[in-house]
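Engineer: Numbered according to numbering that gives the first Met the number 0, the sequence shown spans residues 0 to 167.
There could be a bad hint or two in this list.
[Stated by the list, open to error] Each computed BS3-like pair below joins lysine-lysine, with the alpha-carbon atoms no more than 25 Å apart:
#1 Lys97 x Lys126
#2 Lys66 x Lys126
#3 Lys93 x Lys66
#4 Lys132 x Lys95
#5 Lys54 x Lys126
#6 Lys95 x Lys66
#7 Lys72 x Lys93
#8 Lys107 x Lys66
#9 Lys93 x Lys132
#10 Lys54 x Lys66
#11 Lys72 x Lys132
#12 Lys93 x Lys126
#13 Lys66 x Lys97
#14 Lys132 x Lys54
#15 Lys107 x Lys132
#16 Lys97 x Lys54
Since the hints were made in silico from the structure, they are not lab data.
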Amino acid sequence: MAPMNYLRGYPPELLAQVSQLLAEGRLGETLRRRYPEAHDVRTDQALYDYVAVLKNRFMRNAQAIAKVAYDNKLHVIQNALGTHTSVSRVQGNKLKAKREIRVASLFKEAPAPFLRMIVVHELAHLKERTHDKAFYALCMHMEPAYTQLEFDTRLWLTARELETPGAC
0 MAPMNYLRGY
10 PPELLAQVSQ
20 LLAEGRLGET
30 LRRRYPEAHD
40 VRTDQALYDY
50 VAVLKNRFMR
60 NAQAIAKVAY
70 DNKLHVIQNA
80 LGTHTSVSRV
90 QGNKLKAKRE
100 IRVASLFKEA
110 PAPFLRMIVV
120 HELAHLKERT
130 HDKAFYALCM
140 HMEPAYTQLE
150 FDTRLWLTAR
160 ELETPGAC
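Turn these sequences into a full structure, and let the hints guide you.
Structural biologist: Have a look at this one:
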């Protein structure tokens, strides 16, 4: 994947600034200074607990989440950073749907705000299926800095890919 693929759709002026940071080799260091704090959400159980706290705070009435896990293959196969799914199973004469959230394993190494952004994004899909105005409003409700964090996550992915080819 070319380095600027994560930044498609952003204004040319902004892309020029990013290109300059890339040319000077300062993008990764700039992000490390801006987001120095790591997180300790390293296991699937810790991730489940982390998601449950956010869900209970902002989305108490949303359907329960049956499973939350880091997924080693997610980013490589589906070119996604997180997914939300409904897994339907037949139990007797009833059809039960269980909700699952999977987060790309590379977020184990991400700064804490980036993990929060991806979790907020996937939680928002519990109520809003499409990336429309209502979806982003819900994301902003749960994380007021959502749009900045989404952009900075894209920058982090770009820097990570350049610093460690094949990492993303």
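Engineer: Now look at each hint and say whether the structure bears it out.
Structural biologist: Verification of the hints:
1. Lys97 x Lys126: At roughly 14 Å apart (the allowed maximum being 25 Å), Lys126 and Lys97 satisfy the hint.
2. Lys66 x Lys126: holds, 17 Å
3. Lys93 x Lys66: Holds: Lys93 and Lys66 sit about 20 Å apart, inside 25 Å.
4. Lys132 x Lys95: violated, 30 Å
5. Lys54 x Lys126: holds, 11 Å
6. Lys95 x Lys66: Holds, because 14 Å separates the two Cα atoms, which is no more than 25 Å.
7. Lys72 x Lys93: With a Cα-Cα distance of about 32 Å, the restraint between Lys72 and Lys93 is violated, given a limit of 25 Å.
8. Lys107 x Lys66: holds, 17 Å
9. Lys93 x Lys132: Outside the cut-off at roughly 34 Å; violated.
10. Lys54 x Lys66: holds, 13 Å
11. Lys72 x Lys132: violated, 30 Å
12. Lys93 x Lys126: holds, 23 Å
13. Lys66 x Lys97: Answer holds: Lys66 to Lys97 is near 8 Å, not above 25 Å.
14. Lys132 x Lys54: holds, 20 Å
15. Lys107 x Lys132: violated, 29 Å
16. Lys97 x Lys54: Satisfied, since the Cα-Cα distance of roughly 15 Å is no more than 25 Å.
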